[in-house]
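Protein chains: 2
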Amino acid sequence: MQTAVKLNPSSQTVHDIVTPSLLLDRGKLTRNISRLADHARQLGVVLRPHMKTAKSIDVARLVFPDGPGPITVSTIAEAEYFASHGYRDMTYAVGLSPASALRAMEICKRTGADIKLLLDTVEQADALAEVREATGVIPSVLIELDVDDHRGGLKPDDPTVIEVAERVVGAGARLAGVLAHAGESYGLNSPAALVAAAENERVATVRAAEILRSHGHDCPIVSLGSTPTAHFAQNLDGVTELRAGVYMFFDLVQHGVGVCSKDDIAISVLASVIGAKPEKGWILVDAGWMALSRDRGTASQLVDQGYGIVCDEQGHVLEDVIVSQASQEHGIISIRPGSNRVMPDLPIGSRVRILPNHACAMAAQHTFYSVVEGEDAGIEARWDRIRGW
Amino acid sequence: MQTAVKLNPSSQTVHDIVTPSLLLDRGKLTRNISRLADHARQLGVVLRPHMKTAKSIDVARLVFPDGPGPITVSTIAEAEYFASHGYRDMTYAVGLSPASALRAMEICKRTGADIKLLLDTVEQADALAEVREATGVIPSVLIELDVDDHRGGLKPDDPTVIEVAERVVGAGARLAGVLAHAGESYGLNSPAALVAAAENERVATVRAAEILRSHGHDCPIVSLGSTPTAHFAQNLDGVTELRAGVYMFFDLVQHGVGVCSKDDIAISVLASVIGAKPEKGWILVDAGWMALSRDRGTASQLVDQGYGIVCDEQGHVLEDVIVSQASQEHGIISIRPGSNRVMPDLPIGSRVRILPNHACAMAAQHTFYSVVEGEDAGIEARWDRIRGW
Chain A
1 MQTAVKLNPS SQTVHDIVTP SLLLDRGKLT RNISRLADHA RQLGVVLRPH
51 MKTAKSIDVA RLVFPDGPGP ITVSTIAEAE YFASHGYRDM TYAVGLSPAS
101 ALRAMEICKR TGADIKLLLD TVEQADALAE VREATGVIPS VLIELDVDDH
151 RGGLKPDDPT VIEVAERVVG AGARLAGVLA HAGESYGLNS PAALVAAAEN
201 ERVATVRAAE ILRSHGHDCP IVSLGSTPTA HFAQNLDGVT ELRAGVYMFF
251 DLVQHGVGVC SKDDIAISVL ASVIGAKPEK GWILVDAGWM ALSRDRGTAS
301 QLVDQGYGIV CDEQGHVLED VIVSQASQEH GIISIRPGSN RVMPDLPIGS
351 RVRILPNHAC AMAAQHTFYS VVEGEDAGIE ARWDRIRGW
Chain B
1 MQTAVKLNPS SQTVHDIVTP SLLLDRGKLT RNISRLADHA RQLGVVLRPH
51 MKTAKSIDVA RLVFPDGPGP ITVSTIAEAE YFASHGYRDM TYAVGLSPAS
101 ALRAMEICKR TGADIKLLLD TVEQADALAE VREATGVIPS VLIELDVDDH
151 RGGLKPDDPT VIEVAERVVG AGARLAGVLA HAGESYGLNS PAALVAAAEN
201 ERVATVRAAE ILRSHGHDCP IVSLGSTPTA HFAQNLDGVT ELRAGVYMFF
251 DLVQHGVGVC SKDDIAISVL ASVIGAKPEK GWILVDAGWM ALSRDRGTAS
301 QLVDQGYGIV CDEQGHVLED VIVSQASQEH GIISIRPGSN RVMPDLPIGS
351 RVRILPNHAC AMAAQHTFYS VVEGEDAGIE ARWDRIRGW
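If you're matching them up, the sequences are chains A and B in order. Residue numbers for the first sequence follow this note's numbering, so the first one is 1 and each next one is one higher. Residue numbers for the second sequence follow this note's numbering, so the first one is 1 and each next one is one higher.
In short, the hints are calculated from the structure, not lab data. Mixed in with the good hints, there may be bad ones.
The list treats identical chains as interchangeable, and a pair is accepted whether it falls inside one copy or across any two copies.
[Stated by the list, open to error] Derived lysine to any residue pairs resembling SDA-like cross-links, with alpha carbons at most 25 Å apart:
1. K280 with P337
2. K277 with D148
3. K109 with E123
4. K262 with F368
So here's chain A without its partners, still in its complex pose (with noise of 0.2 Å):
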C-alpha cells in the first residue's frame, strides 16, 4: 500500500509520486535523438528539431548540447519561450494570419530572432508589408508545399509559388525558401512505402526550389520532413533542411508505422488502480482522458492500441493489456479484444504506466515531465512544459 506521500522531490519515486503523472524516460530520449541526428549527419542536411512536441527547454538542451540550434515552432508562445532561452533561428511553421506575423516579429525586434514565417497565399503575402512597417523587421518568409494533399500548402508546379514568392518581395519581405511535411506518411506502413513517401517529398519540395531559382528567387532553405520520412530518407540531395518532432519521444502511431519499436518509446503516464470489475475483466485506474488524451490515432492502423499500451510499474509491457475506454479521469484497462491472456493481478493501489497512442497529444496535457531513467524508481528531475499560444 503506497500511502506515503512524500514532499521532497529529490527523493520522489515512481512508488510514490502523484498519479496520474507524466513520465519520461532520459535513456530513450538520448537514444532517440541520436538516432536522427546521426541519420541527418550522414544524409549531409541540417536537423531542426521540432519542439512542438516536448515544449521545454531541458529537452532542447538535450538535443543542442552545445547551445541553442536550429528549431521549429508550432505556436508564438513556443517562439517566445525558446527566444527567452537564447533560440535565434527559429521556423514557425503554421501558416500565418497578420496577427501572429506581427507577434513573430514582435519577438524578433526585441530579441534579435530570426523567426522564418510560412504562407501559401498572395493575401498572406501581402499582409506583410503591414507588418513590416508596424515593426521595423523584414520578415523571412518559407513558401509552403502540398507534397502529398495533406493539409495546406501549394503544389510545386502551381504557377502561385511564382506568384506567391513576387509579392513576399513586393512586400518588402526575404523570400527564404521552401518548406514541406509530408504528413500523409503517417497512414503508411511498409518500408517500401515510406521510403517512397520520403522521395517524393524531397522530389517534389527540390522542383519547387529550382523553379523558384528559374524566375530569380535565392530559395536558400529547403527543408522538408515529418518523423516518418525523416527515418526512411535515403537520399536527400538538393535539401538543406529536415525537420521533426514526435521522434524524441516516439508513439505507438509511429510504432503502427514502423518507425520505433515499444521500447523506444519514452514517455508514459503513470496511473494507480483504483478498482476493478471482474466480471467485465476490468481493472480502473485514476488516468483518464484529461491525462492520456483523446487521441485515438491507433484506431485506423493495423492493431488498435485503445487509449493505450498497459507497462508495469517499472516499464515492461504487459502484453495484450490495453487501456479500452477512458473518461475524464478514469480509465478501463482489459485485455486486448482477441486475445486468450488473462489479466495480470493489479491490485488496488498498485503503479502501471500508459504508452501513447501520440506522444504530442499526452504531453500536452500535462505541465511537467517527471524524468525517470529505465527501470530505477528515482524521479530524477521535473522538466516544465509551456502551453498556450
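Please build the complex by placing chain B on the supplied structure of chain A, with the hints as guidance.
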C-alpha cells in the same frame, strides 16, 4: 486585416486577442446555471455541481453568489484549489487510491474541509484505517453504485455493498452515503429514454440507501446525477442531492442527446483563418486539436459534428460548416458531407468561433477563459482555470 495586438486586456476584443482563445459567454453561462438550480429546487434536492468542467473559482462564484456551497471535484488538485477559496463541503467523485485518500485528508486537516471519498471495494475501505491514523482525520465515505453498467460501482443488491459499509466502519471511517452516476445517459437521445434513465438512476440509488439503512447504517447522503438525467428527472423522492458539471457550459454532445440547444453552448474557441484550398472546399484555421481537443463525442451520434460547429465572429452558427479535420495547430473547415450549402466567404485573418463536441475536453486545453457577453466583441474579463492532479 487584424494586425493590431493590443496589450491592455481591458480594451481587448474578439477582433484582436490572440487566437486560438477560449471564449466564455457569461449570459449563456448564467442562464444554464439558473436552469438546473431552478430544477433542483423544484425537485427538492441540493445541487452539488461538479467543478471538473469549469475548474474556475470565477465560474463557481456565479454558481454560488452567496458564498461557497457543496461541490463535486474530479482531482485532488481541484479540492486543494477550492479549499483555498473557502469551499468546505466537497465530494471527490473518483474512486480512491490509498495515496489520494491521504492527500485529501491532509487537505481536510489543514483547512477544515470535509472531503467525502468514494469507493466500491473492501480493499479501499481497509486502507482508510492507515489514512485515519496518519492524518488524525476521520474519512467520510460514499459507496459508489453502478446503476447502468457504465464504469465503476456496485449493484444496489450486491451483498458487497453491506460488506464494504461494514469495513468502512471497521476502519474507523464514517459512512456518509451512496453515490451513483448514470453515465450511459450520454448515449440516449429521446426525452422518454432520458426520463426513464433518470428514474432508473433514482430507484437504484434509493434502493441501495434503503438496504444500507436496513442493516443499521444511516446513509444520510443519497447522491446521483449526470447532466442528461439531472435535467430530465421528474421526481427525486428519496434522493438528497443532484450532481452535474457540463450543464454550466453545455456542448454538442449534450445537444445531440437533447438536453440543450446550440444557442445554449457557452464556450467556444475563437480562431483565425490562415489559408484555403478552394479546390477541396477547405478553409484552414489556427485551431487544431491542441485548442479544440481530440474529442469526437458526436461521431457516435445521429449528427456527426466533426471537431465542432463553426460560427461567425459574433457567434452565429454558420449552417452546415464544421471542423472536419484537426491536426495539432491546424483545423480544416468544410461543408458537412451531404449538404448543398456553399462555404461562406472567410478571408485570411477573419475570425470564427468553434463550438465544442465536449466542453470538459475543450476547456481542458486552455489556461483561461476570455469572458464575453453575446455578440458584444469586448473581452470583459480573463478567468483562470486550474489543471493537473
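Hints and how they fare:
no.	hint	in the structure
1	K280 with P337	within (13 Å within a copy, 38 Å between copies)
2	K277 with D148	between (46 Å within a copy, 14 Å between copies)
3	K109 with E123	within (23 Å within a copy, 61 Å between copies)
4	K262 with F368	within (22 Å within a copy, 36 Å between copies)
Checked against the numbered hints listed earlier, the structure breaks none of them; every hint is satisfied.
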